[in-house]
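Novice: Protein chains in written order, with our numbering: chain C, 1268 to 1502; chain D, 2 to 443.
Careful: at least some of the hints might be erroneous.
As the list claims (entries may be wrong) - Below are the SDA-like pairs computed for lysine to any residue, each with C-alpha atoms no more than 20 Å apart in a straight line:
#1 D/Lys322 / C/Asp1325
#2 D/Lys382 / C/Leu1327
#3 D/Lys157 / D/Ser97
#4 D/Lys382 / C/Arg1326
#5 D/Lys322 / C/Phe1404
#6 D/Lys382 / C/Arg1320
#7 C/Lys1312 / C/Val1349
#8 D/Lys382 / C/Asn1417
#9 D/Lys432 / D/Arg321
#10 D/Lys322 / C/Pro1419
#11 C/Lys1312 / C/Phe1382
#12 D/Lys322 / C/Asn1417
#13 D/Lys382 / C/Ala1413
#14 D/Lys144 / D/Lys172
#15 D/Lys166 / D/Gln142
#16 D/Lys382 / C/Phe1404
#17 C/Lys1312 / C/Phe1389
#18 D/Lys322 / C/Leu1418
#19 D/Lys353 / D/Arg321
#20 C/Lys1312 / C/Trp1358
#21 D/Lys382 / C/Pro1419
#22 D/Lys144 / D/Arg182
#23 C/Lys1312 / C/Leu1283
#24 D/Lys144 / D/Asp74
#25 D/Lys382 / C/Leu1400
#26 D/Lys144 / D/Pro72
#27 D/Lys54 / D/Asp87
#28 D/Lys382 / C/Gly1332
#29 D/Lys144 / D/Lys54
#30 D/Lys382 / C/Phe1324
#31 D/Lys432 / D/Gly203
#32 D/Lys382 / C/Asp1325
#33 D/Lys382 / C/Ala1408
#34 D/Lys382 / C/Leu1321
#35 D/Lys322 / D/Ser296
Said to hold, decoys possible - Using C-beta positions, here's what the derived DEER-type ranges look like:
#36 C/Met1463 / D/Asp361: 40 to 48 Å
#37 D/Thr28 / C/Ser1427: 52 to 60 Å
#38 C/Met1463 / D/Ala383: 32 to 40 Å
#39 C/Ile1299 / D/Asn290: 41 to 49 Å
#40 C/Pro1419 / D/Asn290: 38 to 46 Å
Since the hints were derived computationally from the structure, they do not count as laboratory data. If you're wondering where the values come from, they're calculated on a predicted model, not measured in any experiment. The beta carbon of each residue, even a glycine, is placed where N, CA and C say it ideally should be.
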Amino acid sequence: MREMIVSELTQAVQELARGFARFLPRLIVLVIIAFAGWVIAYLLKILARSILRLIRFDRLSDNAGASQLLAKAALPPSSELVSRFVFWVGWLGFILLGISVLGIFGLQEHIARFFLFLPRLFAAMLIMFLGLLAASFFSRAVLLAAVNSNLPSPRFLANSIRGIIIVFALSMVFEELDIAQQTVLVAFGIAFGAIMLGLAIAFGTGGKELAQRFLESRLRHRHEEEKNEDELSPL
Amino acid sequence: MLEEVSTKKSVAALRTDVKISEEGLLTDDFVRQLINVGEVDILVGLPTYNNAKTVGPVVAAIQSGILQWFPRDRAAIINADAGSRDGTPEMVVGASIDDVRRRDFNRVALRTLHSISMQYGSTVARGTALRTVLAAGELLQAKATAIISPDSTNIKADWLRDLLKPICTDKFDLVLPTYARHKFEGILVTNLLYPMTRALYGLRIREPYASEFAFSSRLGNQFLAQNQWNDDGAGEGSEVRLTLAAITSGLRIGQSFLGAKNHTDRHAADLVPALRQTVGVLFWSMDPNFSLWSSKTGSQPIPTTGAEQEFTHDPRRVNRKRLHEMFRSGVAELASVFQSILSAATLEELQKIAGLAEEDFHYSMELWVRTVYEFAAAHHKAVISRDHIVQALAPLFRGRALTFLMENRNSSADRVEANIESLCLEFERLKPYLLEIWSGKK
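In isolation and in its complexed conformation, chain D is listed as follows (with noise of 0.2 Å):
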């Protein structure tokens, strides 16, 4: 009885840490398992919603890296919960360390492994699932805090030294990964996240979209304390959001790169949530961040451990017929909308090359930069809905997917490297175009 009175003082106490924002995330119970964690120096977030499939060696490669990199440091499990059907929760709770001990290294760990579990909702929310985490990591005090994607099924031991140690040790305050993939995944990221970012910011981060990642104390907070979370569907995109908060914090941000990665639950099906997640957040922080990456010119590499990218050439099935058909269809079916978002140079422009046949289209890098740039700059003014006009990027991204698929259907890494550099360089050299249509004008 005395024990639950304590317990019941110790939560109200250790609420009153928590600002009131965060007091309806967390359930008692969840802040009740908290305190019987106490604090910690590494957390782990493991956002999952039924990965019961994928979610068992996960939790395994997180425990075995705590246990090979960190066996002095107090070190816990925060599971974010969607709602899973499947046991997932019960998985990551009632994974033993024991059985990673005995099989890897046949040590005893210094510290005891907490693993906690909280279902946040009954729908998945990227954005409530990293607050989720964030609102633990202060509440535990956490000095570093890794993300781990639960269908990352290829992750290995090492990736939690990669990314949590350049936090440890050398003072960052975000470490994004860096990937071995193949050369036509992620096309989003390398024509357009990776470049624009860069251009605009200055900064060679590769992949500021990302579903594994490491970052500071100092930043969670901050992001946690900054971000406006009831804004734009429970924050989504918060992934960008945090590498963004970072970069215009002027806080130390590195990249590792983490080798292979297999992605189970992307699909390009799903390009339009994708565009919602990545370039609408981008553009939505061109408008409070105007001085900062407007007086930026050029751009800088920034430190990263291992190589800065690699890409595979196994052979992939691609539909390039359905693209040059979805981009053709888009182009004359939006015209109209076009009209509200692009110059009438580039809509002409488009048009013409939407008349083309598949074997001759060609989506030149200065007319997609030009095009992105207007449809930033639409964003900005609001000339329609801004989601309409993150949805209507879609068709013409389709489009600037099949150049650079027909471009790089027989080039080796270094030539897809080369040719991402220069898409970069043409970002960095039509910036101040960008500049003139923000301000009104062209």
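This is chain C alone, in the form it adopts within the complex (with noise of 0.2 Å):
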């Protein structure tokens, strides 16, 4: 009996050594793997930034009014935001390739879902950056021409124009990203819906002197009012 647990005991550990040094070798690729991977992924995290810093990313993003959602946020500026996100993700993708050579049953399915949503993420961001970046051109162009015409509330024109785009920009980054399809779809047409209704309520109703001073002025291409105010000429 004591010799049958101990030859039981010391084929389980037998089988445990064995099975020790058949994944043994596996870990050590996983660990030089992810060391790799991480010094590839460092790497890869100083290109991103200098060619960030050459492009004058921050500065684009400043002109999306991302920096300043970033700073509101206590998040580091843009390109060193970029860079870290090229970082995790070169190094995630390392490390996740390490574990499939451990070949443990069901993650292999998870690793490839994992790359193949890396593209659609990364078009995701590109819209987002793209439409931030629209939004704000867009804004400011309706602001100073609305300030240079003398039109009241400049900047809630200028806003409603960022937040129409930020919206619809919003609602291509989640179709992209294939979440909740339908519940994004009727939520972005019932509150854009709503914008338009509240705005044709507000405009025709609240702002009827307004609305009417903007039919003149587009009618009459200027009022006759303003046109003899000034006779001065800047040029």
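The two chains are supplied separately, each in an independent frame; assemble them into the complex guided by the hints.
Specialist: Written out as structure tokens, the structure reads:
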């Protein structure tokens, strides 16, 4: 009996040792891949940071209004954030590659899904960034035009344009990421419709005079009152 | 038939002289008409768009000027039209020189005066109009070309002499006008364009943006070849570009006093387009010419025939309250835009004066010059869209215009001139500040 127990234990220990011996090289490979991945990801981070500085990405980000958002959230500047993102995605990719070498059942599929998701994540980020850039550009253009035309509430007009473009960009991002497509579509439709209806009602009732002035200035080309006010030419 | 074949050959032959970039610009019919003219000594360009009300006397004055001052020269009038629907081109081409001859001189012209019209497009593009005249001048090998505005209702025959003679006889390359103007007309010129051009390039050019001017074939051909016509809306602000081209090429520039000028098509409401055509172009010129303007200190007068500038004082209606309101609302509403363009100190000062009542309002010369220089540096660094930077200057200019109006309300012509001179000197004094912020030291 005692011998049997010793034999079974010895066999189990030997099997564990054999299993560990079989697993150890894979673990070493994982560690090597993870280490090499860290080095490569770090180099990629430095490269990304240099390229982003070269193309003055922070200024683009300022123009897009993304820098202000990041500052409010106590996050680092855009170029630093993107280069850190590149590092973590790169390193995580290598770690997952190493894990796949371990041959753990069921993990392979999730790892493959992660790699398939990456291009969509990048596309979504690009869409969001371009959306912010467009929102900032067009809202500033509207703000300047409204101020120089002496229209009332120029900031409200500019913010409305910014909001509409950002909502539109967000809906595209969610669609790209395949997150709650139906919900987002319906929510976007309701929100956009509500904004438009709200603006129409506000413009039609609250801003009757503004609408009148706007239409008059459009139809008459120049407001008669203003025409008689200044007789001076800037040139 | 033979004649037609020969004309076609001539058109083809002449087209080889035209640069490929100009090929799409000039129509075959226009080139054919130019061939019929041959070579000319004097060319007068007349850009038009629905100017039937004023163009008749302008063409008569041009014809009169050519007959009186250039009777022995071969001359042509080129009308570059933007698609007028009121018969303007027909009026230009149909104007007979015989009427002018009989009325004014009773003498026989020694040369035929040709008038040709070409529609260059369906919307007004002053750059394309100038380019059409330049291309025609190159083909006709005109020695001197004058551009005359079709809305100059008080044009005189002498203008042709004053603009073209310095080119023909004294070998000037560009002759710009000076006018007798109301002291509050052209505040953008007197408070920004003239002083800043002077401080940058060291030449005291009173009207860098002129609607009447003349230039030599040397400058015309060089400008036609070098100017980037496809940039910035078909050569927007091409008049200032031509002036800057003459300055940066070191060509001879002169001024001629033309007397009073009435403008019928310019209005205070057109401030933003005016800023784009003048200040936008001036800012744009600073990048490629940095080595030239950064080395200049002080300024020199340029040869001028007649008075350098005259001011009239007749009463004008100006809504100062509106200027004040637009400045105040501009500073308040555009604060986020100004944060990208201006230094914190300048913005703080602007916000401070925006809080002043109209009667206490004062936008000092120093603050104005610093504002303009910071805008120029922001334009260079493209901190935001360059067009947005130029547009953002409009409300601040209104503030400066208000101060200029208040300061010179009861001033004599000499006092106004002295104030403008002080502003010019301030622009020159603060030029090192521009150099500092240009290279990013501040």
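Novice: Which of the numbered hints above does this structure break?
Specialist: Checked against the structure, the hints that fail are numbers 1, 5, 8, 9, 13, 21, 22, 23, 29, 35, 37, 39, while the rest are satisfied.
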